[in-house]
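Here the protein sequences line up with chains H and U, keeping their order. Quick note: the first sequence uses this note's numbering, first residue 1, plus one each step. Quick note: the second sequence uses this note's numbering, first residue 202, plus one each step.
Quick caveat, the hints were computed from the structure, so don't treat them as lab data. For clarity, every value in this text was computed on a predicted model and none was experimentally measured. Treat the hints with care, since some could be wrong.
[What the hints assert, rightly or not] To give a feel for the contact side, a few chain H residues facing chain U, derived at Cβ under 10 Å:
#1 Tyr8
#2 Tyr61
#3 Ala118
[Said to hold, decoys possible] Covered stretches of chain U (chain H as the covering partner; in silico rule of three or more C-beta atoms under 8 Å from a C-beta of chain H):
#4 392 to 403
#5 641 to 655
[Unchecked claim] Derived Cβ-Cβ restraints for the label pairs, each shown as a range:
#6 Phe52/H with Phe214/U: 46 to 52 Å
#7 Thr166/H with Ala303/U: 40 to 46 Å
#8 Pro640/U with Val91/H: 54 to 60 Å
#9 Val91/H with Val615/U: 43 to 49 Å
#10 Glu51/H with Tyr300/U: 51 to 57 Å
#11 Asp672/U with Glu104/H: 32 to 38 Å
The C-beta atom is built at its ideal place from N, Cα and C for all residues, glycine as well.
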Amino acid sequence: MFEALAFYVFASVLVASALMVITARNPVHSVLFLILSFFNAAGLFVLLGAEFIAMILVIVYVGAVAVLFLFVVMMLDISFADLRKGAMQYVPVGLIAGGILLLELISIFAAWQFSPEASKNAAAPTPEGVENTVALGRLIYTDYVFAFQAAGMVLLVAMIGAIVLTHRQRPDVRRQKVSAQNARRPEDVLEIQKISSNSGV
Amino acid sequence: MNNFNPVEFSAVFPELFMAVAAMVLLVAGAVRGNGLTAFISWSVLATFAITAMFLLGIDWDSRTVMGDMFRMNPFTGFIKLLILAGLGATTALSVRYLYEEAMARFEYPILILLAGLGMMIMVSANNLLTLYVGLELQSLSLYVLAAFRRDNARSSEAGLKYFVLGALASGMLLFGVSLVYGFAGTIDYSAIGGSLATFDGMPVGFMVGMVFVLVGIAFKISAVPFHMWTPDVYEGAPTSVTAFFALVPKIAAIAVLMQLLYGPFGGLSAHWQQIIWFLAVASMIWSALAGLVQNNIKRLMAYSSIGNMGYALVGLITGTPQGASAVVVYMTIYMIMTAGVFAIIMCMRRGERAVESIDDLAGLSRTSPLLAYAMAILLFSMSGIPPLAGFFGKLLVFQAAIGQGFYTLAVIGVICSVVAAYYYLRIIKVMFFDEAAEPFDRQMAFAKRAVIALSVIFVLFFILKPNMLVDTARHTASALFSG
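Next comes chain U alone, as it looks inside the complex:
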């Protein structure tokens, strides 16, 4: 990058805008104090909307910019739009919650913005250095957010636990990167792929490096056996933060995993498929079994997200454009469903206090029927019951797996999904057939209603126009394989 090129520059413009907006809002908050929290939250939401518009406005042709460190193509573009949508939803959901829980401090929305910036950078990485910097930017923001209610022992514990284990995972990732560099002499994605292609025989050192990198990323998507932090962090963190954790970072991490496995590590697919196979099976089985005994709804959602990552990995393992597009569809549907469920969880307040036990939902169908029906639809969809959207996500993923001959994997996946349906259905049983508990507090913020409504509408009517999403996903996923 010897001379300044405006066309090249346009690819990083959305990220640049987010960074500048974060700094401007930070200064505004620092000058005016916490009285500005609501204003800054809505400004952050506006920043996400404007960034999305910039992203739609720039050219999505495949290219690498910034000295080959940054990649723009239809896949990164689409994933970044998804990330921005998730960020927007969580920001909108959290504004009222911050005031209700007396933790309204202006740093909260700014940390979400910076975490979002980190995810955008790691998704666009074309170089292991960019990947690492982006990953650290998002992780560091997430650690602080998990401990945001610092006077609460469980929130502090969640933050500390997440930080220690996350730092260990980052260390493993870096160690893996150093081994990969030792083999290939480069950290550029395409050059790594090239150096692997010219080598014949077993690149043992490279493989060990790849395993370490995969361990680091498996921690971020909380695939079993690297999931230990998930239930504790989800339970301890403030609910708005838990919603954020469940929605957005997973998408970014799965996208990074796809880019790595189909790009630089593509030559070793026979080897990484074994690792992903194990991660997928262990995640699906463990989440189905451990989810059965949970009483806290946030812990339950943690196990649910572990299982969902397992199903996404089932599509990812195929290494075909069909499987990749199935993963994109699956993650999109997962994000929208989870947003709705968390919006409902955040409505669970009784006497000005948040409650989070499953028994607190008892008899919800009598006290607030609309909420109960919305929750029931979302949970049916999550357990994969046709004709709701969640069913199609699972269908596409399993189809892709069977198409490539992963029969055992698909059968295990279907069995686990049936077992996991039990804990979703248990919540519905509690809501509709149990003795009514005291009603929840009446007032509901507009943002929650909007998120619930959009999510339920999407889940119900996805069947009418499934091709809109599926075709877009196919188009974006093909960018992964075109080099």
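Chain H with its partners taken away, still in its complex shape:
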């Protein structure tokens, strides 16, 4: 009873806040609604018994990604209203395409059939007496270690890509060179000249 109630609360708030993300006029409000939807999605994961994923969702998405979004939205002076002006003309086409796809998917899911082997193939639920996090860790670092490492390479490429496409050497910036400052001696930069009196410089 309580679970069902919690599910409907989380799910309805999630959908409503997701809708607000794309309809809110103020981009800061959009990001705040995004954070709300992340929290509710995390709630749904807790209901499913996947508390590790729920925590990760809160820590990574709310703690890092959404805050970063908020920074960007606040710091960049982008007029989202101007950006959206042109987009409205594509809404009917998008709605038609999305609507057809939705109808098709509904008809598929209505007639969904499982392979007789599906329940045997499907991964076992959380093993008895082991915490969710431990079970996940055991899988990732044993059976799926190859995909895990390869995913690490994907992140490396993302990092290289971000640096390649955005990092610039700025010639107009004068950097402090500590070693050069320390190595500087009086003889190199000072010249003592004798100036005879009464003749000017």
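Given the structure of chain H, go ahead and fit chain U onto it with the hints provided.
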């Protein structure tokens, strides 16, 4: 994989070596800066050579390792060798180009290396998760490479366009994978095939999932109607990157498609044959027609590659070992011809600037006859004129299609290949019969000469020993069907 097994480990050793080499070279570049670009480029080339040696050294018996996520068999082994050869050729071609175009940054060769790693992983996938990770690794590297000349508006546009459409295609692929998982309860190739075999009736959800997966891969091989990005990206990206795009990722994607269609989706061959039939016909017709009106040689090569993927799909549709080996032969010949053509395109420089219009080739037979004859031979081969290598690729593919009763497909293919011959022959006409334009810059890097020479020699003399490649291809393709 409960305990460490060195024999099992050996199968992934080439990939492991590439990953470690990429990280070591990345650190070297980060410490020493862009002055090291040439050194890192040659090191990457050496890495490909060493990886190929490791690959030849390990045992190619059919087996799955790493908890059944990674597959080694003669087919993946051969395709990986092809990929390494293509990667090596593009790396060698690009070193001088990077300096000529003032974009010599050490990340370039490292991104090629990482893209190559992604292709090797996706070809070896025995699990939809491995496939997806490998595909993303290569795609992400390719997006960055397309936008590598970031101060150039067209290069940035190419990168952005490729990224947005590629991300959409990846999303479709993932959605398809989720539907397949929903039906079968597994993402392991052989288990998917098994769960399909025990099901009687129409697995509707599975079929929709399969269609989404095919759409994602059709985007990667730029089959019509998922080709819209190809001409713009090929034109906008730096020429060395375009050569890379045309040569290597296509081979990896076609290999993945073959493994999926003959493996887990094999039980639905009557259904996927319709999809592949449409993709093949649309690609061949559209490339033949749209190629006629192109003036930029890089755009022309984009349409040419779309058409070539169409011909490869003609062999793929048969679902027989004969058709599969024809596709392997076709892709090998395609890669070697395209490498030569792109090496020549990269020689098109006038006054220290790259030119890429077809009219710039005017009268090449008088200003640099050797280059003109090499280009003519390669283009004759691409249009499928006997006795050059390109003819045999097409012959084998159409033979396989006719052998399985795909007469309409074969006839459409032959007609399109005749129409497409027009735009290859037009370039030859411009080179030999038009008023000579200003000559191209004289100096040519050794790597370009080597690639052109090897490619022309292969195309000319393939007829003397065709069985060497054809028999190897037959042997490797049979691994696809032995389970």
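Please name the hints from earlier in the document that this structure breaks, with their numbers sorted from lowest to highest. 1, 2, 5, 6, 7, 11
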